[in-house]
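One-letter residues, chain by chain:
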Amino acid sequence: MVGSKASTSSIPALTLLKTLTPTELFITFSKIGMSGFGGVLPWARRTLVEQDKVLSSEEFSAILGICQIVPGPNILNLAVCIGSRLCGAKGAFAAALGLTLGPICIVMLLAVLYQHYSNLESVQGLLRGISAVGVGLIASTGIKMLRDEFKYPAMLLVVALTVTAASYFHLGLGWVVLLVSPLALLLAFKKARK
Amino acid sequence: MGILLGLFLKLSAFSLIAFGGINALLPSLLELSVNQERWIDLQTFADYFAIAQAAPGPNFMTVTLIGWHVGGILGALLATFAIAWPSSILVYFVQRLILSMNDEQKKKAIQYAAAALAIGLVLSSAWQIALQINHSYAAYGLTLLTIGMTVFTRWHPLYLIALGAALGTMGLI
Numbered sequence: 001m002v003g004s005k006a007s008t009s010s011i012p013a014l015t016l017l018k019t020l021t022p023t024e025l026f027i028t029f030s031k032i033g034m035s036g037f038g039g040v041l042p043w044a045r046r047t048l049v050e051q052d053k054v055l056s057s058e059e060f061s062a063i064l065g066i067c068q069i070v071p072g073p074n075i076l077n078l079a080v081c082i083g084s085r086l087c088g089a090k091g092a093f094a095a096a097l098g099l100t101l102g103p104i105c106i107v108m109l110l111a112v113l114y115q116h117y118s119n120l121e122s123v124q125g126l127l128r129g130i131s132a133v134g135v136g137l138i139a140s141t142g143i144k145m146l147r148d149e150f151k152y153p154a155m156l157l158v159v160a161l162t163v164t165a166a167s168y169f170h171l172g173l174g175w176v177v178l179l180v181s182p183l184a185l186l187l188a189f190k191k192a193r194k
Numbered sequence: 001m002g003i004l005l006g007l008f009l010k011l012s013a014f015s016l017i018a019f020g021g022i023n024a025l026l027p028s029l030l031e032l033s034v035n036q037e038r039w040i041d042l043q044t045f046a047d048y049f050a051i052a053q054a055a056p057g058p059n060f061m062t063v064t065l066i067g068w069h070v071g072g073i074l075g076a077l078l079a080t081f082a083i084a085w086p087s088s089i090l091v092y093f094v095q096r097l098i099l100s101m102n103d104e105q106k107k108k109a110i111q112y113a114a115a116a117l118a119i120g121l122v123l124s125s126a127w128q129i130a131l132q133i134n135h136s137y138a139a140y141g142l143t144l145l146t147i148g149m150t151v152f153t154r155w156h157p158l159y160l161i162a163l164g165a166a167l168g169t170m171g172l173i
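Read top to bottom, the protein sequences are chains A and B. Note that our numbering has the first sequence beginning at 1, numbered continuously upward. Note that our numbering has the second sequence beginning at 1, numbered continuously upward.
Chain B on its own, in the form it takes in the complex (with noise of 0.2 angstroms):
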């Protein structure tokens, strides 16, 4: 019991420190679930990053993965729910307040700080899971790889996916 409910309040303080979104949070989620808590232990979390991103939806199921992982089904739910619910009530406020703003000056200077903020902490973030998660030069390649075909073509993510699969599976990562 003690254990879910650390689970749920660390997970729904994080819900409203994820700046960012998920993604941006990946690191602090990381040092949380691996380092402090233990959780789980880092192949599990690289293992679980991985399923997520595998799996349709958002990627914010690495969360519903850790809760899995403490206490089965209803872990999963729970940390499915703390992630979710303070940023939700946040948002509903929120979006009423700034969309009764007036001054359109002000409305775009908060959307152009966060903005300049979220791409920092996204940046940041791929570099420290790939520190974390990437054990081979294959591997940093792979991942160059996948930000050259993003970046310059339109292939869709999903065979990118297929392509690490595949060269995951002969062994070559």
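Isolated chain A (complex conformation) (with noise of 0.2 angstroms):
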């Protein structure tokens, strides 16, 4: 590969294993964002962490962490993030672009063909099927995330009175924010202090 320069001894906290282009960003990204089913980052952290090497584990989780507190597309951010680190503006663009652009023809591929055939009984089906399973994923990963929380449990609080703000008072998205970040923050300090 083009300028490896590993210094796998003593990796200081924001070394890069690795300099890619631009041009090796969008084909890294690229091959991110097709190989994903059913989330795509799982796949982010085996391509760039264990395949080709750009990143160090603990690197990953470093900017992965940022990425969940920023709004936005995870996947995204995280393709913003590892490609402006690696060359600025210019490689975020870069991957962010080879992130999206595969998976955009496939979904419109799929959107021409639901067009011609979302009158089947069978296809209706189908989607219901997989609608089932895809909110199931969405649950498992929160589930997944929430095991972390038990080591604090105080931090529950936190979970439950989200889940309660937006399932149960159905308060829009900005105001579950808004109204449960200062008790977040206010517990996460205690937590981080401990």
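If you're looking for bench data, these hints aren't it; they were derived computationally from the structure. Don't be surprised by glycine CBs; every beta carbon is placed ideally from N, CA and C.
Pairs of lysine-lysine residues, derived as DSS-like cross-links and limited to a Cα-Cα distance of at most 27 angstroms, are as follows:
1) K18(A) to K31(A)
2) K194(A) to K151(A)
3) K151(A) to K106(B)
4) K194(A) to K106(B)
Which chain A residues face chain B? A few, computed with CB under 10 angstroms, are given here:
5) G136
6) V158
7) T164
Label-pair ranges, simulated between beta-carbon atoms:
8) N35(B) to E50(A): 40 to 50 angstroms
9) S118(A) to N35(B): 13 to 23 angstroms
10) L74(B) to K194(A): 47 to 57 angstroms
11) A154(A) to L5(B): 37 to 47 angstroms
12) N102(B) to A154(A): 18 to 28 angstroms
13) V112(A) to S100(B): 38 to 48 angstroms
Take each chain as given, in its own frame, and dock them per the hints.
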């Protein structure tokens, strides 16, 4: 690979294992975008950390942490962060474009098929089945993340408050965030000090 | 033209409140596109959600499909761009801010707070979306089975999607 400067012995907090050109970034993120069924994040990790060795595992987690704080599609945020770290704004753009271009084409192809065949009983059933699974996949992401919170059970209060505000009182997303974040931050500072 | 501009502006605003990612945003997206703006009906929303799940790629492709429904290829590109640009610019700058933060405790605290919020939003999103698009006990059963299989086994999600597709095609869901 071009300009590989791996220094595995002592990696300072933000050293990248490898440098990639915008074109290479585009290709890497195209691979990630096209391989992700049922969520792309696990594939991003597999490709960037395990296969291409662009980042160390710790760096991936640190960057992912930031991407989850900021609003917006997490995987896209990841592309922007890693792309910009490797080659500035150009890299961010190349990574984001690589991630989305292929999937957009596929999804539009499927949309055309849907337009022609959505009246078929079997197609309607097929989509009902897939969406029931899709909901389950989303729920299980939340449940898996929830496991970590049991290490500091007070934080579960934030989760419960969020669910109540959003599901029971049907508050808009912005209001929920505004309402819950003061308590979340207060508890988070306590948790961090532990 | 008016409808495309509306699509672009509303989705751009959504990008900035999508805490917890697109999955957490789905109920609000449904509310906006089905009930408020009437871009699509509920059934089509549910179907687009399914297509985005079954296709490779990021799950924000539901947004791309809504855009496609409103304005063809231009609509699809516009909707995708709208959901992407504000948060991308934000994260571009926030990343530097957080990485340059020296206070480890502060850094950790922000991440813990965001994680708890994200979990709550994702869980309530799943619950609300289930209420809207699952129409039978069989569908809820399949959702619960999916949760069980993903939490307790290492099955690849693709198998579960294929299972759902098969059961659905047979008319069981």
